[in-house]
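*Asks:* Please take these sequences and the hints and turn them into a complete structure.
Sequence order for the protein chains is A and B. So for the first sequence, our numbering puts the first residue at 1409; every next one is plus one. So for the second sequence, our numbering puts the first residue at 1409; every next one is plus one.
By construction, these hints were calculated from the structure, which means they are not laboratory data. Each hint should be verified, as a subset may be incorrect.
[Stated by the list, open to error] Chain B is faced by these chain A residues, among others (derived, beta-carbon under 7 Å):
| no. | residue |
| --- | --- |
| 1 | A1690 |
| 2 | Q1824 |
| 3 | L1827 |
| 4 | G1831 |
| 5 | P1911 |
[To be verified] Which stretches of chain A does chain B cover? Using the computed rule of at least three CB atoms under 8 Å from a CB of chain B, they are:
| no. | segment |
| --- | --- |
| 6 | 1570 to 1576 |
| 7 | 1659 to 1670 |
| 8 | 1715 to 1723 |
| 9 | 1729 to 1740 |
| 10 | 1751 to 1758 |
Positions of the beta carbon are idealized from the N, C-alpha and C atoms, including for glycine.
Number of protein chains: 2
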Amino acid sequence: MEGSSQTPTNEDLASVSKNATKKEAAKQEKLRRRQEQEALAASASSLAVDEEDRLAANYGDVPLKDIQSKRVEDVSRPTKVGALTNALENCSVWIRGRAQTIRAVGKNISFVVLREREFTVQCVVTVQPDTVSRQMVKYVSGLSRESIIDVEGLVSVPSVEIKGTTQQVEVQVRKLYCVTKAVVLPINIEDAARSDAEIEKALQAGEKLVRVNQDTRLNNRSLDLRTPANLGIFRIQSQVGTIFRQFLLSEDFFEIHTPKINPGSSEGGAAVFRLDYKGQPACLAQSPQLHKQMAICGDFGRVFEIGGVFRDEDSHTHRHLCEFTGLDVEMEIYWHYSEVMDIVDRLFVTIFDTLNETCQKELEAVGRQYPFEPLKYLPETLRLTFKEGVQMLKDVGVEVDPMGDLNTEAERKLGQLVLEKYGTEFYILHRYPLAVRPFYTMPCHDNPAYSNSFDVFIRGEEIISGSQRVHVPELLEERAQACGIDLKTISAYLDAFRYAAPPHGGFGAGLERVVMLFCGLNNIRKTSLFPRDPLRLAP
Amino acid sequence: MEGSSQTPTNEDLASVSKNATKKEAAKQEKLRRRQEQEALAASASSLAVDEEDRLAANYGDVPLKDIQSKRVEDVSRPTKVGALTNALENCSVWIRGRAQTIRAVGKNISFVVLREREFTVQCVVTVQPDTVSRQMVKYVSGLSRESIIDVEGLVSVPSVEIKGTTQQVEVQVRKLYCVTKAVVLPINIEDAARSDAEIEKALQAGEKLVRVNQDTRLNNRSLDLRTPANLGIFRIQSQVGTIFRQFLLSEDFFEIHTPKINPGSSEGGAAVFRLDYKGQPACLAQSPQLHKQMAICGDFGRVFEIGGVFRDEDSHTHRHLCEFTGLDVEMEIYWHYSEVMDIVDRLFVTIFDTLNETCQKELEAVGRQYPFEPLKYLPETLRLTFKEGVQMLKDVGVEVDPMGDLNTEAERKLGQLVLEKYGTEFYILHRYPLAVRPFYTMPCHDNPAYSNSFDVFIRGEEIISGSQRVHVPELLEERAQACGIDLKTISAYLDAFRYAAPPHGGFGAGLERVVMLFCGLNNIRKTSLFPRDPLRLAP
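*Replies:* Here it is in structure tokens:
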């Protein structure tokens, strides 16, 4: 529990950055020094104005009591920073947000960029006979970055463009109070929000900007999350879940919640986290597979689940996590696994269409820091058989085992070929060899070496696995045994099929992967709020 | 993993019912014998018609190949049983469902009650020169209960009321195929669907009907789930989640997913499940509390989560589970915890209103088996202080510690008093003594012995806990230490507050409890799909 993922303090920066390069640590150190100097300079630059201030009521720290639910009578709400436009010129407003930067200019003036979510506005604190004292300017200049402040002032519209803020108005401050104070920051939000392109561009102009690496970000996740790109990513993630649910509810599915603590291992295969359950050996669900099928055996007809999935992975890759959010679907079918693929097709096209429609701002925010091309997909999703895929690879000289699985490289290559030939980065590959699929996969009617299964790819990476399931208990047992699974460990599951299971199928996707690949991001840790990987269990 | 929760077979019934009473076991045995006799009688009553049947194509078992995705060309879909009405008289229909009961009458006729979800229809198989042979009647009569069958036939409208089916039409069968066969059942759906009142009524008339007890139900959950009441309960559960999300999304919240595997214990207090995470000690989240607060520190503003919550409970009560689905909310506030209570108020009134509007059928289905009075609640939720609650109890002679917590009995009593005085079974009790709340609870501004916290009650049972949180790191550390929490175990959490946390608050509820109490059910195991309690880890 201790160690790598603690947020650094002044004392233990070195130990924190054990995952970061030394170079990065040096940068951080330099940054901190600069910040401390800035803070020092800010207070020093002010006058030594210690005499009583008759305007003292206009600024200062909000007493904690005031925020301990004392001011119930105060039902007014601040204006949103994002709503500050020319239309409000000369209006008095109250805004609340973070002091992103504070810049003192001489003794009589201080500029504060106030940020609320992804919106920023410049606040100008100038000495004024009836409102702003020199002491107040000093107080403001001494505020620490990221502190939360309440600002009251008049909206003004400057004649020139304001660079570095989203809002094109200023607030001429009359009152300013600090609600919560921040200590010196390990990373600045401006630095964390910078794109690689910006850093390169500055470098070419001879300026060296701070680049915050992944581990430093994740160690200080509560700060890192404040960047516009991250606010965008997690709003998009929320929206994917919303569209997923709305589509399925409208198709007569309903939502279930299956247990995550189970006896045995959920599907045999991959490594599971084990725990002690009241003296019984138990493990965490690698997927809701078995229980969602048991819900179908219970005549639930069409179900979905959004929930935690746990895998004791040893893969240190850009796309594996030890804990992620599963998007799972299971449904009765009449005759064919194409009924499941039809749902996949319409569901994901709806997700992509709706994201492009409703998340434009968020997608732009992500793209500003991590540039990407919008996903290319067809109104009706391309379906290729595994055989056809293997042939396409063969045609360009890539040899793969026609009865084996595709490795990551072959999948990426095939993605490229499909894009060139069909103009889509989203497609379904189906009829996989039976040998490479889980035991519950239904073999093909015409060739038991193949299966009624499919994988779905975005930008050359697998995001969905699905199939028709074996619903006949005798065949299910036979397949489980063939896959080396101890029947005793799945007996409750097998029993559910003895009382007649309807023909059914389903699929599962990972929410973090969907968001990562839709946004063309290079690492799944960017789309997991507090990622868990083989090296990271905190924060 | 073996033992108590396996589905029984003929061999090991005794071991299965170790949780059931002997009486129950005897009933089950009797039931099985009756079923076996019925099956025997059905095949015996038919003619020994072994000669070739020129109408053989009209019935029989569907070959597995046909359901292995062979018949892709067949895009027709069966008519839903729930859609079978007078309007379809004389129409030819195809329906698919389960053979709930099969009753042979002589050699030429057999009645099958076909069930699809909560709908049932009577199918009549009568010997007809061009469609139905005696062999077909024999085949039908020999089907096992709960087998899935395809039926083709003509809709007819009988002149008398049909008892025991939901649909008031019959299907005159021309073709009947068995899609999947069931083995002899440990419980009949009709028995599992019976209300206690029905059983009592029959008993008074001298008839002894089977009562299926809770453990037998849960051991055979995939069968038990097929009852109309259970289909209703889990559709209502899905709808609660949907309304919860829709309301919060419309109020500018968004959905997050926090990690369930964590270092340390999430809140100190209650027992946690421990596991090994790549050599590091870890535990399962008792709630998303710390991480949802860290999301607020990350400027997410307003968030919610629906996800698994894990508690190593030793409570063997009707309302505790070791794993349940948490409904969690966290939000920035400006000044007062009443801002959080306002959301609770409007959110839950919206949930109740919408359930009553949109889930009428489901609520009726639940009520038929488990009768309950609709929840009494006010358009604007009653708020009482803890002190007022204690006084109400005192006034009727119930003495409780004014600085302690209310026990279950006192809560129930207070619920009764509130109902009598204010006419509501849903209310908020706030300003609890600080000593009985978790460390992250904000003390009151005017008296640190009290806290800015609340509990919410339905029908005298607590379903929601919430509060304003401490957002100042120094006070947070002080409170954690006062509650005996080792600061090292929550250091990542504490660090998130050093960079200025906004004033905030939130609350958490349990989905299963909300459904249980809204429907007036007596056991939380009824509203958990596959419950996990101190004695149950399967199925």
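*Asks:* With a Cβ-Cβ cutoff of 8 Å, does the segment 1570 to 1576 of chain A contain at least three residues near chain B?
*Replies:* Not satisfied, violated; 0 residues make the cut.
*Asks:* Can you tell me if the segment 1751 to 1758 of chain A counts as covered by chain B, using C-beta to C-beta distances under 8 Å and a minimum of three residues?
*Replies:* Since 0 is below three, the answer is violated.
*Asks:* May I ask you to test the interface hint for A/L1827 with respect to chain B, counting a Cβ-Cβ separation under 7 Å as satisfied?
*Replies:* It is violated, given that the least Cβ distance between A/L1827 and chain B is near 27 Å, above 7 Å.
*Asks:* Could you check if A/G1831 really has its C-beta closer than 7 Å to a C-beta on chain B?
*Replies:* Because about 26 Å separates A/G1831 from the closest Cβ in chain B, which is outside the 7 Å limit, the hint is violated.
*Asks:* A/A1690 was flagged as interface toward chain B. Is the shortest Cβ-Cβ separation under 7 Å?
*Replies:* holds, 6 Å
*Asks:* For the segment 1715 to 1723 of chain A, do at least 3 residues have a Cβ located nearer than 8 Å to some Cβ of chain B?
*Replies:* It holds: at least three residues are needed, and the segment 1715 to 1723 of chain A offers 4 whose Cβ sits within less than 8 Å of chain B.
*Asks:* Verify the interface restraint on A/P1911: the C-beta must sit less than 7 Å from at least one C-beta of chain B.
*Replies:* holds, 5 Å
*Asks:* Going by Cβ atoms only, is A/Q1824 closer than 7 Å to chain B?
*Replies:* violated, 29 Å
*Asks:* Count the residues of the segment 1729 to 1740 of chain A with a beta-carbon closer than 8 Å to any beta-carbon of chain B: does the count reach three?
*Replies:* Since three or more residues must qualify, the claim that chain B covers the segment 1729 to 1740 of chain A holds, with 3 doing so at under 8 Å.
*Asks:* Please check whether the segment 1659 to 1670 of chain A has three or more residues whose CB lies within less than 8 Å of a CB on chain B.
*Replies:* holds (count 9)
Going through the hint list in order, the structure does not satisfy hints 2, 3, 4, 6, 10.
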